[in-house]
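**Q** Protein chains in written order, with my numbering: chain D, 1 to 390; chain E, 1 to 310; chain S, 1 to 225.
Treat each hint with caution, since some may be false.
What the hints assert, rightly or not - Pairs of lysine-lysine residues, derived as BS3-like cross-links and limited to a Cα-Cα distance of at most 30 Å, are as follows:
#, chain 1, residue 1, chain 2, residue 2
1, E, Lys226, D, Lys269
2, S, Lys137, D, Lys17
3, D, Lys303, S, Lys137
As the list claims (entries may be wrong) - Beyond 12 Å from chain S on every Cβ pair, some chain D residues (computed):
#, residue
4, Trp8
5, Glu44
6, Ala84
7, Thr237
8, Tyr278
9, Ala304
10, Leu341
11, Leu354
To be verified - From chain D, some residues computed to sit far from chain E (all C-beta separations above 10 Å):
#, residue
12, Thr115
13, His130
14, Arg184
15, Thr311
Hints listed in this document are in silico derivations from the structure and should not be mistaken for laboratory results. As the structure is a prediction and not an experimental result, all values here were calculated from the model. Built from N, CA and C at the ideal position, the CB exists for glycine as well.
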Amino acid sequence: MHAFYLAWQYIRHNRIKSVLLVCGVTLTIVVPAAVFILVRFGEEWLMSRAASTPMVIGAKGSRVDLSLHALYFRSKAPAPIGMAEAAKLREAGLAIPVPLYGRFTARSFPIVGATLDYFDFRDLRVASGHQIAKLGDCVLGARVAQALALGAGDRLLSDSENVLDLSGAYPLNMRVTGVLAEERTEDDFAVFVDLKTAWVIAGLGHGHQDVSKADESVILDRTGNTVVANAALPEYTEITDENIGSFHFHGDPAGFPITALIALPRDEKSAVLLRGRYEQQDAAAQLVIPEDVVGEIMEMVFKAQRIFNYTVVCIAAATVLFLVLIISLSLRLRSTELQTLHKLGCSRHTMITLVGAELILIGGISSLFSAGALVLVLQLAPVLMRTFLA
Amino acid sequence: MKKLTGLAALCLALVLGACSKEAEQAPAGAGKTAAAATTVYTTNYPVYYFAKRLAGEAASIEFPAPADEDPAYWDPSEEIIAAYQAADLILLNGADFEKWVAKATLPESRVVDTSSAAAPQYIEIQDAMVHSHGPEGQHAHAGFDFNTWLDTDIAVQQVDAIAAALAGKLPNEATAIQERAAALKEDLKKIDLGLTEISGRIADKPLIASHPVYNYLARRYQWNLKSLHWEPGEMPEEAEWSALQELLKTHAARFVIWEGDPNPAIAARLKTLGLEPVVFYPLANVPSSGDYLAAMQENLARLAAASMLP
Amino acid sequence: MNGMELALDCVRFAYPQGRFTLALDALHVAAGERIAIVGPSGSGKTTLLNLIAGIITPEQGAVRLGETVINTLSDASRRAFRIQHIGFVFQDFSLLDYLNVLQNILLPFRVNPVLTLDANVTERARRCADELGLAGKLDRPIQQLSQGERQRVALCRALVTAPRLLLADEPTGNLDPRTKQHAMEVLTAQRQQSGATLLMVTHDHSLLSGFDRVIDFATLAQEAD
């Protein structure tokens, strides 16, 4: 114990040197360990969600963009496909279609237009308030609710897509009906609305005064059954019990857009059949297996990590050499001190113990700091992951 | 002493009360779990009736619309929507019958549009208001006549769709459901036969309906039918009366088919024009007595009687 | 507490590199005697003290302390013997600058398993420091002390094991005259209390009056060829 006492006195006295040493050792431990943890966490995080999402159908184009969009609502929304794709899937009876429309944001969080099947599929539970029930309703992911300090009964305005585009998305003042239980997945960071609500934001559906009863000032032409109103006809930006009746959609619902269609095949055979369908040359959309896509991404990450691992081994070896150098130099600098100890009757063994205690203390403190840093890395891993993926 | 006795009595009462409550709850709870095994929600009476006939005791069939409201224009509360969301199966009539569904969030994979197979046979309503604003151009808030079940062909397709959906949820009951479906279709055919017979008597005599809800009957049985836009409880304006008189000049009907009993004042005034009111319930909601079949037979009886008018 | 008798007999010592050899035929110091050793620098006075302390061992001859011939003991036993019986005040004080005054005084107890650090020892160290005028400075780092204070710390450290033989290697060499005088008084007073045998190497002839015997190292040892 005396050895540790003296070693601690030495470390305390030589503060700057000790701090530098601890920093060096800590960094040598933390950096590779943090990268390792993040890669594993990322893999787990990406793979678990990818593995739980059997198939994604979307517009032809980047498979990675489509997968990341369907899994994490990340990357710019791919080109939309028609809702008819979901209906086709359903009619074929091969898979349960889970359509998503993710083009808009609300205070920078993605608005995900989905059907209730998505909630069943991801096993998302409403923790407070209740599930979306009507047009204009939204439920918030746990982190969104936390970040925006919103709860059931509050209102959330969707971001306007482009302020200069008058014909584009009108901001919709959504009603927050509930907050989802925290899942520690991307679902915590999304605002969920009914597909139809997303279409209202997209301008495909709207509510306004009955034109036949509208103020004459907004009417351009009234011929027979046809009434032409100008743009001054006020459209509602908020769906309420009073005006919900006036909301209606224009166009063929089969052509309404979705950005990704998650397919949950009934069985192995259906999965194979479904893949066959989309592999045909004339298929309008593509079908991707997120697990394969993410697997490919991870393979690239692992390749990079392997190079990194070699670097880390070299750096670790260099660090060990540096430490040996530092210790031997410091022992030389301390020869007077060691001489004194010798003269005071300290045995060689005790001196080695003293130096050893010092190394153990430095190592111990560095390990503690490293552990702390790594715990922090683990805590922040979801946020870090999101930042990397952004 | 008195106080103590009182306290003891109170305790005893509480204990007994708790016991009896438990005793009450147990069977009720057990019954509920059995019934709650499969819950099916419907949106109108014909689909409810068909589903009930097909499922027997194997599933609990719900139709939560209030009796005094037209389920086609009904707007369910959030609590009721939540009940729909929690159902194992949601059977829609389709053909835009349940307008609220377009603005509600339902679990699509558990929703079955019972008439979708008959979509090519839907009858479109022609005289809807067309309007345009903004860059999208014209659109009409048009729709279909949603009283699809009045056409026996479509009703049979709806029964088939319901049978398939129920069998999917209750695979053990599949055979029984098929048998019940066959029986139900027989019953529907009998109504069809009755209507065919009555229509044979009517032939191409002019008919007037108070509301355009009988398009499917008119098409199937080749009625020479013109529709008004009159409500049974609302006295039409004079202009509408004169329009009717105008119509009668070229379309000399002997009776007016109503969806519900017209208000006596309307009935009396119709009689002055030589028109008999005949009630033919479309049965979108639960009949006040009897079931779908019984109510249909009564419709037939009233129509048969009217067809006898000189 | 009695002083320790000391006798060297036909001692021969050479440093490994052969640059210096020491030959000493006989030296006897009675228990409790106070001896000053004078002589030119480089003549081997420090080597003599190191031989007596058992820090180095002679190639020939015997170093007897009391009843023990220490040069025949094993390294460990010799070390133990030295720690238990000999106090040594080094020329350069040999204090550790990362320890404070009290920690320096108690250092022998921390690096030697044969000594046990307990409350008694600490109390003794405090008393000793008190007597040496270090009372309020026990928590001070060494760098904050004057040379005279450092010397007293070194002395206190040599005394705290209650040695029967006190060896001092030019303990006043680095001190100014006034401090030197005071230090000498302290040393004498402490030795008086303990009755330990004292061997002190010094260059300073002004201090010789306080000793029982002054040995001129040049006449004692013959430098070998």
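**Q** If I take the minimum Cβ distance from Tyr278(D) to any residue of chain S, is it greater than 12 Å?
**A** For Tyr278(D), whose nearest Cβ neighbour in chain S is about 74 Å away, the distance exceeds 12 Å, so it holds.
**Q** Mind checking the alpha carbons of Lys226(E) and Lys269(D) for me, to see if they're no more than 30 Å apart?
**A** It is violated: about 54 Å lies between the C-alpha atoms, which goes past 30 Å.
**Q** Does His130(D) really sit off the interface, with its C-beta more than 10 Å from all C-beta atoms of chain E?
**A** violated, 6 Å
**Q** Would the least Cβ to Cβ distance between Ala304(D) and chain S come out above 12 Å?
**A** For Ala304(D), whose nearest Cβ neighbour in chain S is about 46 Å away, the distance exceeds 12 Å, so it holds.
**Q** Is the Cα-Cα distance between Lys137(S) and Lys17(D) 30 Å or less?
**A** Roughly 27 Å between the alpha carbons, so the hint for Lys137(S) and Lys17(D) holds.
**Q** In terms of Cβ atoms, is chain S entirely out of 12 Å range of Leu354(D)?
**A** Violated, because the least Cβ-Cβ distance between Leu354(D) and chain S comes to about 8 Å, which does not exceed 12 Å.
**Q** For Ala84(D), is the shortest beta carbon distance to chain S beyond 12 Å?
**A** holds, 80 Å
**Q** Find the nearest Cβ of chain S to the Cβ of Trp8(D) and say whether that gap is larger than 12 Å.
**A** violated, 10 Å
**Q** Could you let me know if the closest chain E CB is still more than 10 Å away from the CB of Thr115(D)?
**A** At roughly 4 Å from the nearest Cβ of chain E, Thr115(D) sits no farther out than 10 Å, so the non-interface label is violated.
**Q** Hint check: Lys303(D) vs Lys137(S), CA-CA at most 30 Å. Holds or violated?
**A** violated, 63 Å
**Q** Against chain E, does Arg184(D) hold up as non-interface, every C-beta pair farther apart than 10 Å?
**A** holds, 24 Å
**Q** Could you let me know if the closest chain S CB is still more than 12 Å away from the CB of Thr237(D)?
**A** The assertion about Thr237(D) holds, with a minimum of 72 Å to chain S.
When the structure is compared with the earlier hints, violations turn up for hints 1, 3, 4, 10, 11, 12, 13 and for no others.
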